[in-house]
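Below are the chains, spelled out letter by letter.
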Amino acid sequence: MADVAGPSRRDFGKAALLLAGIVGVPVAVLRAVRVDASERQRTIAAEVAQIVIPRTDTPGGADAGAHDFLILALAHGLDGTRAPQAGAAIQGAYAMARGSGGAPDYLAWLETTLDRRTGGDFTGATPAARAAAVGAVDADAFATRDSGSPWVKIKGLLLTGYYTSEAGGARELRYELVPGRFDPDLPLAPGDRAWSSDWTAVEFG
Amino acid sequence: MDFDAIVVGSGITGGYAAKELTEAGLRVLMIERGRNIEHGSGYVTETLAPWELPFRGVGDAAAYEHDYPVQMKNRHFTEFTQNHFVNDRENPYTTGDGTDFTWFRSYNMGGRSLTWGRQCYRWSDYDFGANKRDGHGTDWPIRYADLAPWYDRVEAFVGVSGAAEGLAQLPDGRFQPPMALNVVEQHVRDAIGKRWPARRLTIGRTANLTQAKDGRSACQYRSICARGCSYGAYFSTQSATLPAAMATGRLTVITDSVVEGVDYDPATCRATGVRYLDVATKTHRRATARIVFLNAGAFNTNHILLRSTSAAMPHGLANSSGVLGTQIMDHASTVSAIAMMPGFEAHTSFGNRPTGIVIPRFGNLDTFDGDGFTRGYSYQGGAVQSGWTRGKRGPGIGTDLKSDLRAPGPWRMILVTFAESMPRATNRLSLDPVRTDAQGAPALKIEFAHGHEEHAALADAKAQAGTMLSAIGGQVIMGLDQPGPGGASIHEMGGARMGNDPRDSVLDKWSRAHDVANLFITDGAQMNSSACQNPSLTYMALTARACDAAVSMLREGTV
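Top line first, the protein sequences correspond to chains A and B.
Adding 172 to a residue's 1-based position in the first sequence gives its number in our numbering.
Adding 90 to a residue's 1-based position in the second sequence gives its number in our numbering.
Note that these hints are calculated values from the structure, not bench results.
Since we're looking at a predicted model, the values are computed, not measured.
Note that the Cβ used here is the ideal one computed from N, Cα and C, for glycine as well.
Don't take every hint at face value.
[As the list claims (entries may be wrong)] Here are a few chain B residues that face chain A, going by a calculated C-beta distance under 7 Å: (1) THR424; (2) SER439; (3) GLN565.
[Said to hold, decoys possible] Short derived list, chain B residues pointing at chain A, Cβ under 7 Å: (4) VAL148; (5) ASP150; (6) ALA152; (7) PRO267; (8) ARG360; (9) THR362; (10) GLY363; (11) ARG365; (12) VAL369; (13) PRO432; (14) GLY433; (15) THR438; (16) SER476; (17) LYS482; (18) PRO498; (19) PRO500.
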């Protein structure tokens, strides 16, 4: 993963300053939450991001910084990730330790789970073994409705991180801020790309 | 400061009142509690892409839970729009024991006209006659014929695009050309109409221009309205009523000033003006006028009246009836059906249409045919082609996932019900005896619960939605029949209801207080029943009508 750039924290800082400048949100508020990820967890998150969204003719998940968004999102509780675990998930393989702020520690769970799935060291496993481990975690998480697997949120945030990046939103998919017209019925040809700027489609999935 | 008229609030109805009164020749002061937002330059996130925001448009959940715990539940509240919503921590309210109310607010120039859903529907006599017909609430003192010319006037100024359908329960208006149904919606319209001729799916009637007018551009099909639209393509205070009022040279605007009460002179039984707090300097000030319009938003208008106590009016201004604050309503809404719509895989659309569809009320019209409810409901929604977020719902990783999400996904039809909210004395506003707001004033207490009629309507709506979509080729994957908490529809209204009898209503048929001849209340507070239509167009029509009446009364010297 040495070829995966990880500059998005800097980008986040730039965007935070931009937002603070234009809408008056204090930067202190944006920075108040501690980002709680070890370097190893960050490395694993990047690897997982690239496995979930590989590099093809467009950048992959880690290329686009989806893992940085995941780490930021978990630190700030996006998608309900600060909420305590409930139901069956409290027990067994999906049980998460608490992080420094008391919230479930998704990154620690991911690290532990993937290490276990690869015989103890995910980062030292072969690419095929790493991909197989992520695939198994994914299959288990969606094998039943409401499995309680933390993977569902992790995957969701990685997808958000990718498809709301410029690479994912405007290169992998198409982005048009000002369509200028509405065509209600067009033929959909094979290979036509979806619009990341179709806000209703994004909202309702 | 002395004016002909004071308008409290700059939202949909405040802006409209300012326009009508200034155009009639009055010198008007409009007071807005929040900050100014300039048209265009004030829409600071309008053109940003998700990757230009720190939280990609999703927003900082940790900050929201601290400052916007209620507002964040609004689906229109995002990182793009957060600056158009109120800070809940700084502006608390309370709710009754065991009840919940999500009060969505915008304390800024333009109020919620910046973020509203823009749907514009006329009421019919099924609505104005509803209370009299089934005995809930008190009768409206007006009927459709009283308001029809004012709907005409307002629609022509607002710019409402829509299709004429000739339906008695949802009268046609003066429409700009309609936006188009997409291919799936057209199928649903045709197929439902064939099997159920009384059920008509039509394009949402929306305050988005399809033709330029008054210096405002036609819609650019971005569908990011709530960020603010520098094209002026949707109706808001900033895009439409404020420039019209300013053009008269007779409007004075004060922002960052919270009205604390209406001053009342018991000798003349008239309002003399308002007192307000200049928030920046913490200075209490007064303004005087010959007439006062309260357009603070339904609940805040109630709040002002409840706080405007005096020796002559110990229970609040214009409250000799004792009903002030009671009979508040919203709409009971929920997602009644989502159905996969196979057969359209080779079709797509381009552009983001800023409105969905509507299936107007079809029950309890000429006969009571509802099971456990006597009022109406209607559906809104639309057909949506899935986007990349569908990848969150199922298994898959790697190139297969990436390849799948590259293309638009399956079509789904979504029907959301808005059911009429019954007027009930137990649903009410009052001043909290303990809690205070940032200015030290008693916080507003909201006690609200949907009742069995609303639940029965939503149960029927779910059943009918499922039946319809299944019958026309849809595969229903989910549907709900329980409403969200009060306020979830963002149609909160009532508390200062209009009525014939001063003993059980606050306002007369001109939206004027029975007790105070020069006090007009033309926002949602005046509503006496809720119908099931989105209410803003009716508020604006009532506002225009009240302004005309007020100007006549001033000229005749009767106020």
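Hint by hint, here is what the structure shows:
| no. | hint | verdict |
| --- | --- | --- |
| 1 | THR424 | violated (15 Å) |
| 2 | SER439 | holds (5 Å) |
| 3 | GLN565 | violated (16 Å) |
| 4 | VAL148 | holds (6 Å) |
| 5 | ASP150 | holds (5 Å) |
| 6 | ALA152 | holds (4 Å) |
| 7 | PRO267 | violated (12 Å) |
| 8 | ARG360 | violated (41 Å) |
| 9 | THR362 | violated (37 Å) |
| 10 | GLY363 | violated (32 Å) |
| 11 | ARG365 | violated (28 Å) |
| 12 | VAL369 | violated (15 Å) |
| 13 | PRO432 | violated (14 Å) |
| 14 | GLY433 | violated (13 Å) |
| 15 | THR438 | holds (4 Å) |
| 16 | SER476 | holds (6 Å) |
| 17 | LYS482 | holds (4 Å) |
| 18 | PRO498 | holds (4 Å) |
| 19 | PRO500 | violated (10 Å) |
The structure is inconsistent with the numbered hints 1, 3, 7, 8, 9, 10, 11, 12, 13, 14, 19, although it conforms to all the rest.
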